[in-house]
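Whole structure, please, built from the sequences with the hints as guidance.
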Amino acid sequence: MTSILVPDLGDGIIKVEVAAWHKPEGAAVTKDEDLVELVTDKASFNIPAPVSGVLRIVHVPAGNEADIGSLLGEIV
Amino acid sequence: MKLYDLGLIGHAAAFKRQKDFVRDVAAGGEDTLILCEHPKTITLGRKYQESSLFFSREELARKGFELLKADRGGDVTLHAPGQLVLYPILDLRRARLGLKEYLQKLEQVAVDLLDDFGIVARGDDGNRGVWIACRKIASIGIGVSRWVTYHGMGLNVSTDLSLFNVIRPCGLDVPMTSLAVERNCPVGMDDVKRRSEQHFRRIFGY
Numbered sequence: 001m002t003s004i005l006v007p008d009l010g011d012g013i014i015k016v017e018v019a020a021w022h023k024p025e026g027a028a029v030t031k032d033e034d035l036v037e038l039v040t041d042k043a044s045f046n047i048p049a050p051v052s053g054v055l056r057i058v059h060v061p062a063g064n065e066a067d068i069g070s071l072l073g074e075i076v
Numbered sequence: 001m002k003l004y005d006l007g008l009i010g011h012a013a014a015f016k017r018q019k020d021f022v023r024d025v026a027a028g029g030e031d032t033l034i035l036c037e038h039p040k041t042i043t044l045g046r047k048y049q050e051s052s053l054f055f056s057r058e059e060l061a062r063k064g065f066e067l068l069k070a071d072r073g074g075d076v077t078l079h080a081p082g083q084l085v086l087y088p089i090l091d092l093r094r095a096r097l098g099l100k101e102y103l104q105k106l107e108q109v110a111v112d113l114l115d116d117f118g119i120v121a122r123g124d125d126g127n128r129g130v131w132i133a134c135r136k137i138a139s140i141g142i143g144v145s146r147w148v149t150y151h152g153m154g155l156n157v158s159t160d161l162s163l164f165n166v167i168r169p170c171g172l173d174v175p176m177t178s179l180a181v182e183r184n185c186p187v188g189m190d191d192v193k194r195r196s197e198q199h200f201r202r203i204f205g206y
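Residue numbers (the numbering used here), protein chains in the order written: chain P, 1 to 76; chain B, 1 to 206.
Don't take every hint at face value.
Said to hold, decoys possible - No more than 30 Å apart at the CA atoms, straight line, and that leaves these computed lysine-lysine pairs for DSS-like: (1) B/Lys40 / B/Lys69; (2) B/Lys40 / P/Lys23; (3) B/Lys40 / P/Lys31; (4) P/Lys15 / B/Lys19; (5) B/Lys69 / B/Lys19; (6) B/Lys2 / B/Lys193; (7) P/Lys31 / B/Lys193.
FYI, nobody ran anything at the bench for these hints, they're computed from the structure.
What follows is the structure in structure tokens.
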């Protein structure tokens, strides 16, 4: 199982909004494809899938805020 | 860093070029700076509010605006001829840049360019963009995919500022300005493009 974490986006950013999941829970995902879109400070930031697999659990649904380093979902 | 001057090009066509370059850069290709101008276009960022449009979509179409959603941060913005648009396609991890640092450097490109013309401007961490006192001269909104940036910054060089009356730019009630208005004389777009490339290369260390 591989965790999908909110990456360190650099100094001064401690929180992001989860704007959209590009794939639903249970979907097959391919390494490096955009998985989830975060929005902060005039930027729309897409997190790529760290590995190929199946998106199992989405911990933070779209519309919610998440801290840097927090768990967004998992790929099994 | 590669430079592409796309001239006057529709927003959708320029976006397609950006996505092609994002794929190249994500695969290890050279960072790329796209310079262009757009025809009259209003784009809606990911945080747009309907109240930032002062006219219905039909009325805006009648006034000759193309209206598009854009997968960038921010609210509503406007592009038109006379506005220099910079779309850096840059690998943030390779450049070892955090998101905020990247945005600050992008603002600095406009600040230093304006300084060439004797205009004192500043970026603003609270209200992104480039400002001359309370007047906004450049707007910023970016996207990132696979750690590679797209979208970017629009700098009003000689834009018809009356066009901005149809929107609340970036959701803010602030006056917009341009380089030509601040200098009170015409400014050549080619000169501004050349300087923007020079400052971009220096600030981002190419």
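Problem set entry | Numbered hints the structure breaks, given as an ascending list | When the structure is compared with the hints, numbers 2, 3, 7 turn out to be violated.
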